[in-house]
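Trainee: Given next are the chains, with one letter for each unit.
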Amino acid sequence: MKLNFKKVLGVSLMSVFALGAVHSLADVENVSAQDDDTLTIALGTDMVTFDIHNHVNTSTEAIHINMFNYLFKRNVETGEIEMDLAESYEIIDDTSWEVTLKEGIPFHNGEILDSEDVKYTLERVSSDSTLLEHSNYAVIDEIEVIDDLTFIIHTETPDPALLNRLARIGSGILPVDYIEENGFDHFLSNPVGTGPYQYVNWIRDDRLELEKFDEYFGGDISEWENVTFRVIPENSTRVSELLTGGVDIAVNIPPSEWERVDDNNDTYLAQTDSNRAMMIFVRHTEGWPTADKAVREAMDLAIDNQAITDHLLGGAGTPTITRVSPGTFGFAEELSDTYNYDPERARELLAEAGYENGLDIKLHSPRGRYLQDAEIAQMIVGMWSQVGINAELEFHEWSNFVELRNAGNNEDAFILALGNSMFDAFNALDWYDYERFEGQIDFYNEELEELLADAAQNMDLEEREQQYIEAQHLIAEEVVHPVLHLESINMGVSERVDYTPTMDEMIYIHTITKK
Amino acid sequence: MAKFLLRRLLQIIPVLLIISFIVFSLVFVAGDPVALMLPDDASQEDVENLRESLGLNEPFIVQYGIYLRDLLTGDFGTSYRYGTDALEVVLDRLPATLELAGLALFLSVVVAIPLGIWSATKRNTSMDLVATGAAVVGKAMPNFWLGIMLILVFSVMLGWFPVSGRGTFLHIVLPALTLATGIAAEMTRLIRSSMIESLSQDYVRTARSKGLKRNLVVYKHAFKNSLIPVITITFLQTSTLVGGTLITETVFAWPGLGQLLIQSVYARDMAIVQASVFIIASLVILMNLIADILYRYLDPRIKLN
Numbered sequence: 000m001k002l003n004f005k006k007v008l009g010v011s012l013m014s015v016f017a018l019g020a021v022h023s024l025a026d027v028e029n030v031s032a033q034d035d036d037t038l039t040i041a042l043g044t045d046m047v048t049f050d051i052h053n054h055v056n057t058s059t060e061a062i063h064i065n066m067f068n069y070l071f072k073r074n075v076e077t078g079e080i081e082m083d084l085a086e087s088y089e090i091i092d093d094t095s096w097e098v099t100l101k102e103g104i105p106f107h108n109g110e111i112l113d114s115e116d117v118k119y120t121l122e123r124v125s126s127d128s129t130l131l132e133h134s135n136y137a138v139i140d141e142i143e144v145i146d147d148l149t150f151i152i153h154t155e156t157p158d159p160a161l162l163n164r165l166a167r168i169g170s171g172i173l174p175v176d177y178i179e180e181n182g183f184d185h186f187l188s189n190p191v192g193t194g195p196y197q198y199v200n201w202i203r204d205d206r207l208e209l210e211k212f213d214e215y216f217g218g219d220i221s222e223w224e225n226v227t228f229r230v231i232p233e234n235s236t237r238v239s240e241l242l243t244g245g246v247d248i249a250v251n252i253p254p255s256e257w258e259r260v261d262d263n264n265d266t267y268l269a270q271t272d273s274n275r276a277m278m279i280f281v282r283h284t285e286g287w288p289t290a291d292k293a294v295r296e297a298m299d300l301a302i303d304n305q306a307i308t309d310h311l312l313g314g315a316g317t318p319t320i321t322r323v324s325p326g327t328f329g330f331a332e333e334l335s336d337t338y339n340y341d342p343e344r345a346r347e348l349l350a351e352a353g354y355e356n357g358l359d360i361k362l363h364s365p366r367g368r369y370l371q372d373a374e375i376a377q378m379i380v381g382m383w384s385q386v387g388i389n390a391e392l393e394f395h396e397w398s399n400f401v402e403l404r405n406a407g408n409n410e411d412a413f414i415l416a417l418g419n420s421m422f423d424a425f426n427a428l429d430w431y432d433y434e435r436f437e438g439q440i441d442f443y444n445e446e447l448e449e450l451l452a453d454a455a456q457n458m459d460l461e462e463r464e465q466q467y468i469e470a471q472h473l474i475a476e477e478v479v480h481p482v483l484h485l486e487s488i489n490m491g492v493s494e495r496v497d498y499t500p501t502m503d504e505m506i507y508i509h510t511i512t513k514k
Numbered sequence: 000m001a002k003f004l005l006r007r008l009l010q011i012i013p014v015l016l017i018i019s020f021i022v023f024s025l026v027f028v029a030g031d032p033v034a035l036m037l038p039d040d041a042s043q044e045d046v047e048n049l050r051e052s053l054g055l056n057e058p059f060i061v062q063y064g065i066y067l068r069d070l071l072t073g074d075f076g077t078s079y080r081y082g083t084d085a086l087e088v089v090l091d092r093l094p095a096t097l098e099l100a101g102l103a104l105f106l107s108v109v110v111a112i113p114l115g116i117w118s119a120t121k122r123n124t125s126m127d128l129v130a131t132g133a134a135v136v137g138k139a140m141p142n143f144w145l146g147i148m149l150i151l152v153f154s155v156m157l158g159w160f161p162v163s164g165r166g167t168f169l170h171i172v173l174p175a176l177t178l179a180t181g182i183a184a185e186m187t188r189l190i191r192s193s194m195i196e197s198l199s200q201d202y203v204r205t206a207r208s209k210g211l212k213r214n215l216v217v218y219k220h221a222f223k224n225s226l227i228p229v230i231t232i233t234f235l236q237t238s239t240l241v242g243g244t245l246i247t248e249t250v251f252a253w254p255g256l257g258q259l260l261i262q263s264v265y266a267r268d269m270a271i272v273q274a275s276v277f278i279i280a281s282l283v284i285l286m287n288l289i290a291d292i293l294y295r296y297l298d299p300r301i302k303l304n
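These protein sequence lines are chains A and B, in that order. Each residue of the first sequence is one higher than the one before, starting from 0 at the first, in numbering that gives the first Met the number 0. Each residue of the second sequence is one higher than the one before, starting from 0 at the first, in numbering that gives the first Met the number 0.
The set of hints was computed from the structure by calculation and includes no laboratory data. One should not assume that every hint holds.
[What the hints assert, rightly or not] Short derived list, chain B residues pointing at chain A, Cβ under 8 Å:
#1 Asp39
#2 Gly158
#3 Arg165
#4 Thr249
[As the list claims (entries may be wrong)] Over 12 Å on every C-beta distance to chain B, these chain A residues come out as not near it, computed from the model:
#5 Gly326
#6 Asp341
#7 Gln377
#8 Asn389
Virtual Cβ for every residue (Gly too), placed ideally from N, Cα, C.
Put together the whole structure using the sequences plus the hints.
Mentor: Put into structure tokens, the structure is as follows:
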């Protein structure tokens, strides 16, 4: 074997170029964000599945919303429920809703939407308990088909929130003939809906490509012929892609990157409140200090909510006293955009409760689950220490955190930030139901239990709204769980497009326009 | 030779079994996948129902037994995240990782061999100091940091390469450089020390005293005899490469096995984790086997048996 340095180097370099050439020839097409008709959006995690009933993932739904339609849709500006696939509806009795579909709505494969599609879709999720969205649809008993366009939704119990329920994750209508003919597995790899965009290609953990559906029943509503959702898990890489024009929109920009996005001439930071409220859940179990209202009030009064949003969330996020957010049915406006802060009074309350020499508690917190969660937990512990509450802070990896709570091993308090995809107070206030979190929270208030149980099935919507507002006041007076703030949605956007994120965290392609 | 190969191939079975048990145990104790699949406000009842339907209520040993039974029929199970056959998902990602790892290994060899030889022949000169210094720095830089720095300089500031993703040849340059740097540094140091040892041997002195050209002595006599440790380290880099791809693929959004494994560990997607580790372990074992066989050809004194 005769080795020569120059030969080795020469052969090596030639091989590199050869490899490069071969790779380039065999390449997948690289879609540039700067293509005039293509919109590129960078996500932090990949879409989970095309099984619309078997995920609870908001960022997955943010994509699906462009491919599938619900019977009803929530107007993101007014919060009103409007018709989407449905032409009209009528409440026949407390458990029967007659719905008529719009005529001639085509699926991406050319099939025309009819009542059988709705029956298949809604009965699938309401009857199969292994599906992740099942619990949100279990109230639906059956769909009675009247004719091609008319059907009656029968519910097990009166469900005043049905329209909200049918305007969220799991309500997209699927093509029954296509699925029965080809099987559900085929549907999963070749999904078909009625939305403004249709499926082209999905390379997992890399990109999902969609193209405009020319026969969309709503007409030509979008400026973009093609849309690419790219998966870029690392925050700084996602921001770098935005800065270099590789993508038009990058989601979930962490506060540490806000300056980089805002200072760049070609990009801007688009922020809005989400309906995800960060709260401190406390134990009401007898014998725990937090079962005492004075202690809970002291914990709440010691926290300067505005300081948290100002210093840790860069001024984004809105302090609030109620978990129910604006735009949600039953929202108590007077409890929003405000907070209670009075450290002096907090000290007095602690003394009155018998803790004049200080109170020792434990606070559990997830780390990396929510925006700045660990930093917020640390700041709260600091604020509490100023009034004599000595909190031992314990961070948990998410699944261990869930197990800790489900096993009832959580101690005095824990931090959670909860969203509300239904935009109905019913969904936001079920944490105050004793049975649901027995052994974990143990909060019981007879008046509130009755109020919430009544509102859950009250078909008189005006009265129901007042019941929820009353419930929120009761919850605030009892300081059941100190509420901190509504988290913000933070997206980086290229200057070539106009976009304002919406509170529901969906990405409606047609609302993104060229500048 | 055939006996040797058979013995080594049979050794793979217990190794893979042990690895599968360790990985299964680690993922089992790391947490409950159901907690990650349900919404944040899921009740205990929701959790229990899903656990039941996924067969996660069974004790550890029963779950492992079921897993092993299925494994014998080539069934790695179904991914929770993707709802499809785990092995299919893993094999789907393998080409991207092999492409990245292959180029990184190739770049490492291309840089390390000339640099190591050059450094050894210029021993204790300022050039040698620069080369060995560069090797130390290359080894010390974490992939994560280096990847982000390369993106900032070559993509954001200079605009020469795309930031992330898999597409044209330009897409692979920065991740391959990131992955190659640490390996090239390690190989350079090893080749240098191996060459220094070879160059001090009697046969080199004899060759020189015979009046052979310097290059002939260095490349034909000394370098060929330094190859055994070089081959060892090159093939052993397979596991280092796999470790590197976990980070590099995440930083550069490279849709390969490394990124899949990271996401699956986060999601406690046991089937994917098991299938990935199985494939990676098989690759590492295969590479070690090839290295052993190559020794035999390079140094006839080494007996395979």
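Trainee: Confirm or reject each hint.
Mentor: For each hint, the structure was consulted:
1. At a threshold of 8 Å, the smallest CB-CB gap from B/Asp39 to chain A is about 6 Å, leaving the interface hint in force.
2. Hint status for B/Gly158: holds, given a least beta-carbon distance of 7 Å to chain A, under 8 Å.
3. Residue-level restraint check for B/Arg165 holds (minimum Cβ-Cβ distance to chain A is 6 Å; threshold 8 Å).
4. For B/Thr249, the interface hint holds, the least distance from its beta-carbon to any beta-carbon of chain A being 5 Å, beneath 8 Å.
5. No beta-carbon of chain B is positioned within 12 Å of the beta-carbon of A/Gly326; the least distance is around 19 Å.
6. Non-interface call for A/Asp341 relative to chain B: holds, since the shortest CB-CB distance, roughly 30 Å, exceeds 12 Å.
7. The non-interface label for A/Gln377 is consistent with chain B: the shortest C-beta to C-beta separation is roughly 21 Å, beyond 12 Å.
8. Every CB of chain B is more than 12 Å from the CB of A/Asn389 (nearest about 28 Å), matching its label as outside the interface.
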